[in-house]
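Given the sequences, and given the hints that come with them, work out the whole structure.
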Amino acid sequence: MDGFAKYLVRRFFQFFLVIFLGVSLAFLITNLSPVDPVEQSVSLMTSFGATDPRSVELMRSALEELYGLQGTMLDQYISFWGRVLRGDFGPSLSAFPTPVMSLIMGALPWTIGLLTLALVITWTLGNLLGALAGYYRSNVLLKLSGAAVMALHPVPAYIIGLVLLLAFGFIWPVLPISGGAQMNLQPGFTFEYIRSLILHGTLPALTLVLVGIGSWFISMRSLVSNIVTDDHVVYAELGGVNSSKIFFPICGAQCAPAAVDGPGAEPWQCVRRGRDHRVPVQLSRRRAAADPGHLSRRLFAGAGGDDHVDHLGGGRCVHH
Amino acid sequence: MLFKKLAAAALAIAAMAMPVAAQDFIAGIPRNEALIIQGPAAQNAEWFNLWAPGGGASTNGNQQLTADTLWWINPEGTGDAAWTNALAADKPVYNDDFTQMTVTLKEGIFWSDGVEFTADDVKYTVDTQIAHPGMGWSAPFTVNVESVEVPDRNTVVFNLKAPNSRFHTLFTVRWNAAWIMPKHVFETVDDPLTYAANPPVSLSAYVLHSYDTAGNWVIWKLRDDWQRTSIGQGLTEAPQVKYVVYRNAGNPDARVIEQMNHNLDVINDIAPEGMFTIARDAADSTAYWFPGFPFAHPDPTLPSVLFNHQVEPFNNKDVRWALALLIDIRSVAMGSYRGAANLAALSTPPTGSAITDYYQPMQEWLANYEVNTGTRTIKPYDSTTAEQIAALVKPQWGDQIPSDPTQLKAMFGEGWWKTDAAAAAELLQKAGFTKSGNQWLKPDGTPFTIKLMVEGDAIPTLARAGTIIAQQWSMEGIQTTVDVAGPTNGQRLGGGDYEAAVYWTVETWGGHPDLSFFLESYHSDFIKPAGEIQPPRNLTRWQDERLDQIIEANRTVGFDDPKVVELGMDYLKLAVEEMPFIPLMAYNKFAPFDTTYWTGYPSAANPYAASGPNWSNLRYMIVALEANPSAPAAQ
Numbered sequence: 049m050d051g052f053a054k055y056l057v058r059r060f061f062q063f064f065l066v067i068f069l070g071v072s073l074a075f076l077i078t079n080l081s082p083v084d085p086v087e088q089s090v091s092l093m094t095s096f097g098a099t100d101p102r103s104v105e106l107m108r109s110a111l112e113e114l115y116g117l118q119g120t121m122l123d124q125y126i127s128f129w130g131r132v133l134r135g136d137f138g139p140s141l142s143a144f145p146t147p148v149m150s151l152i153m154g155a156l157p158w159t160i161g162l163l164t165l166a167l168v169i170t171w172t173l174g175n176l177l178g179a180l181a182g183y184y185r186s187n188v189l190l191k192l193s194g195a196a197v198m199a200l201h202p203v204p205a206y207i208i209g210l211v212l213l214l215a216f217g218f219i220w221p222v223l224p225i226s227g228g229a230q231m232n233l234q235p236g237f238t239f240e241y242i243r244s245l246i247l248h249g250t251l252p253a254l255t256l257v258l259v260g261i262g263s264w265f266i267s268m269r270s271l272v273s274n275i276v277t278d279d280h281v282v283y284a285e286l287g288g289v290n291s292s293k294i295f296f297p298i299c300g301a302q303c304a305p306a307a308v309d310g311p312g313a314e315p316w317q318c319v320r321r322g323r324d325h326r327v328p329v330q331l332s333r334r335r336a337a338a339d340p341g342h343l344s345r346r347l348f349a350g351a352g353g354d355d356h357v358d359h360l361g362g363g364r365c366v367h368h
Numbered sequence: 005m006l007f008k009k010l011a012a013a014a015l016a017i018a019a020m021a022m023p024v025a026a027q028d029f030i031a032g033i034p035r036n037e038a039l040i041i042q043g044p045a046a047q048n049a050e051w052f053n054l055w056a057p058g059g060g061a062s063t064n065g066n067q068q069l070t071a072d073t074l075w076w077i078n079p080e081g082t083g084d085a086a087w088t089n090a091l092a093a094d095k096p097v098y099n100d101d102f103t104q105m106t107v108t109l110k111e112g113i114f115w116s117d118g119v120e121f122t123a124d125d126v127k128y129t130v131d132t133q134i135a136h137p138g139m140g141w142s143a144p145f146t147v148n149v150e151s152v153e154v155p156d157r158n159t160v161v162f163n164l165k166a167p168n169s170r171f172h173t174l175f176t177v178r179w180n181a182a183w184i185m186p187k188h189v190f191e192t193v194d195d196p197l198t199y200a201a202n203p204p205v206s207l208s209a210y211v212l213h214s215y216d217t218a219g220n221w222v223i224w225k226l227r228d229d230w231q232r233t234s235i236g237q238g239l240t241e242a243p244q245v246k247y248v249v250y251r252n253a254g255n256p257d258a259r260v261i262e263q264m265n266h267n268l269d270v271i272n273d274i275a276p277e278g279m280f281t282i283a284r285d286a287a288d289s290t291a292y293w294f295p296g297f298p299f300a301h302p303d304p305t306l307p308s309v310l311f312n313h314q315v316e317p318f319n320n321k322d323v324r325w326a327l328a329l330l331i332d333i334r335s336v337a338m339g340s341y342r343g344a345a346n347l348a349a350l351s352t353p354p355t356g357s358a359i360t361d362y363y364q365p366m367q368e369w370l371a372n373y374e375v376n377t378g379t380r381t382i383k384p385y386d387s388t389t390a391e392q393i394a395a396l397v398k399p400q401w402g403d404q405i406p407s408d409p410t411q412l413k414a415m416f417g418e419g420w421w422k423t424d425a426a427a428a429a430e431l432l433q434k435a436g437f438t439k440s441g442n443q444w445l446k447p448d449g450t451p452f453t454i455k456l457m458v459e460g461d462a463i464p465t466l467a468r469a470g471t472i473i474a475q476q477w478s479m480e481g482i483q484t485t486v487d488v489a490g491p492t493n494g495q496r497l498g499g500g501d502y503e504a505a506v507y508w509t510v511e512t513w514g515g516h517p518d519l520s521f522f523l524e525s526y527h528s529d530f531i532k533p534a535g536e537i538q539p540p541r542n543l544t545r546w547q548d549e550r551l552d553q554i555i556e557a558n559r560t561v562g563f564d565d566p567k568v569v570e571l572g573m574d575y576l577k578l579a580v581e582e583m584p585f586i587p588l589m590a591y592n593k594f595a596p597f598d599t600t601y602w603t604g605y606p607s608a609a610n611p612y613a614a615s616g617p618n619w620s621n622l623r624y625m626i627v628a629l630e631a632n633p634s635a636p637a638a639q
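From first to last, the protein sequence lines stand for chains A and B. Start counting the first sequence at 49; every next residue gets the next number (the numbering used here). Start counting the second sequence at 5; every next residue gets the next number (the numbering used here).
Hints in this document: simulated from the structure, not taken from any laboratory. One thing to keep in mind: the hints can contain errors.
Computed far set for chain A versus chain B, every beta-carbon distance over 12 Å [stated by the list, open to error]:
| hint | residue |
| --- | --- |
| 1 | F61 |
| 2 | L65 |
| 3 | S89 |
| 4 | A155 |
| 5 | A195 |
| 6 | D279 |
Covered by chain A, according to a simulated footprint, are these stretches of chain B (three or more residues, beta-carbon under 8 Å) [what the hints assert, rightly or not]:
| hint | region |
| --- | --- |
| 7 | 139–147 |
| 8 | 208–217 |
| 9 | 528–539 |
By construction, the Cβ of each residue, glycine as well, lies at the ideal position given by its N, Cα and C atoms.
And the structure:
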């Protein structure tokens, strides 16, 4: 086996190991957690009305049967893998009986949409500013923006989110602070809807951008500031070549490949950042596994700061 | 220069996106015809079946605005005014031994699709749910109902399996109840458990208009034939609120901002600090339960210090009383609610009819109540707590705090127990405890320590109360650590996996003196061994023969029998004597209303409806609101 094949096999092995452990852990954690979906439903149903203890017993056994929670842990583990492989998680236990997949599919476009947008902006802006700052090292504006970007970098997303919320939602109330689009607006490729989407997406995207831009800025600036001292750049400058003619080749041809390597990991950084500040992972038993849509929504919401959880909402508007 | 060009381009792009403020808040709906209410972030927004598991707990307006059933109790009301005959024409009629209940229905009520509501719908509701275990009210119907007869289209007769003088409460809304199903819709459905009921057929004055599939908002519209509903029949003029918007308005801080921006008329709950901000900065455009401090609206729920009676030494009433006497309730009120707490010494929430039925009549008994500490008797009750708290909050709120003791009691509660460390020490000694330095030792010589469980961030006021009580006990030599249970709180309480906790185990009708709402489940028949799940309520697993006798006696008297209040007092006296849990206060909620567009909200002075948006009772507020004539014109 040549080197590349070995490498490929090793990477695939790692890949499957990670998936296997992840899925198994998701199963184990949700099963061993004391939070039980039957009890959650029972308490939902009994929280607000008169509760006859005999009825509660009956309700509990009926739900256990309905939710299919009988059998040993091993049986459930095997059938859980079956569901993972088929991509059919069955009905959600937290929103019974809506299928888990439809809950995921409802949330996924918003997750992907906002993350992608924020990532593209962060990457573009961070690299551009970083490259400019690396090249025009004496520009005061760029120095200031560098200082600002780096000052924001270590601030947790939820604090940035809260500050933006107060700034643009209250002190200077020009941006909507919740929802995915204007209420009761028919989604579609209309000017009105897209404008509304952009307006509603601005604050959450801005939170992600402000927090995420720092790392791109820093790495790009150091890359460029290394290259500008290379002989060929110094030679070009001495030769009187226009600075923009030097800047783009440096940035484009030499630094961009290094920068492109990163975005694959970036969404996970967003997720991690969200998790850092106590993402409210209120896992029902099996929910994390049986209902990842919920989890991803919460994690993702976390990425924008708790205060922006609501930005992520949106969806079709159904009229009757 | 290149950088300047880039900056200019960025500014130009930003400027294109900026013209924001001029946008209507809701597309196509005039703001002055819509009432905007705090709703949930719904996970499955396309689900409107109220009868599936968990469906009856939805707070998106579905049950609040479209469902209906036989009777309603206003949780804030007192006396006859608190009772409403909704789909039923009159109160329930039982036979002598409470094995049969007969209901006469109103006429002229129609579902929103034009089909008339009849007794068949009621029978169908019961029969279908018995046939489908797992539906919301299947279990209580199965336990109680032998058969349902429909002698004519306006009469339903329930034959019960055993005597039950409270059977009608299954159809009596406090927060919710068994909603009537549309027979003509569900009988065409294969499986009522998996039917989404989208769009739902409405039996009340509003009908679904539109919703967000991501679950952030639902808009309900006044029915054209609103008169043909139980709520509409009671109105002389059309409701002025044409649209009701339930929207997810974010976390408590965001809700405060949204209300001050006039984008959220009705809030369910915010932190005391948020409430004070609104009262300070938006006083001209908001209304509250009390016109000034303490603002909050008390739910008929009783936050208490719960003890697990199956764990030593909490099964000893002297220990429980000692712990009660070590609490300085003024600090608890200030620390949890910044003073805006409605204190409770009796084991029933100090709200609605409980004030006139129990709290006021029992003041003298409380004042004379004696506790034997083992060496002497003390009178622990303090009827001046309200004045003491008033003195503490007066520096901040000034003239908003009246000096009339009666008014103060309405704001801060009738009274509570004095802090009495000496008596507490005597009680602990009576129970065989000894003190070594500043540490109490249990009779077996080990240190007396307590883990006090709180839920945490979900209910910050109670978490704060728990922290303060833990400090107070620790300072008196009982090392107490706060145990934050988070999302496992409910299950740990149910499973008995706690020593002491700040939570509630008593909820009442609010608007009716009958205590069966929680008391029925306190019978010793239902107490589970340690480790098994205790049915809801009686989370302390308190067991007492005298309690059983009260419960059994209550079962045999009618709901409106004057004996109900006597039995209620017997329970309350027993609970003072035994102190099975330490009642602290009503569950106060800060629920300010925006008056920019709507006026006439309920208040302590005019408690004609519940004020929390989750309560189905809110519909009686919605149809009574009046448009504010000085509201901004429609855009």
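Hint check results:
The Cβ of A:F61 lies farther than 12 Å from every Cβ of chain B, with a closest approach of about 36 Å, so its non-interface assignment holds. Interface exclusion of A:L65 from chain B stands, the closest Cβ pair being 30 Å apart, more than 12 Å. A beta-carbon of chain B is positioned within 12 Å of the beta-carbon of A:S89; the least distance is around 5 Å. The non-interface label for A:A155 is inconsistent with chain B: the shortest C-beta to C-beta separation is roughly 7 Å, within 12 Å.
With a cut of 12 Å on Cβ distances, A:A195 stays outside the contact zone with chain B, its closest approach being about 16 Å. With a minimum CB-CB distance of about 23 Å to chain B, A:D279 clears the 12 Å threshold, and the non-interface call stands. Remark: the region 139–147 of chain B is confirmed as covered by chain A, as 6 of its residues place a Cβ nearer than 8 Å to a Cβ of that chain, reaching the required three. Check on the region 208–217 of chain B: 7 of its residues sit with their Cβ under 8 Å from a Cβ of chain A, so the three-residue criterion for coverage holds.
With 4 residues bearing a CB less than 8 Å from a CB of chain A, the region 528–539 of chain B meets the requirement of three and the coverage assertion stands.
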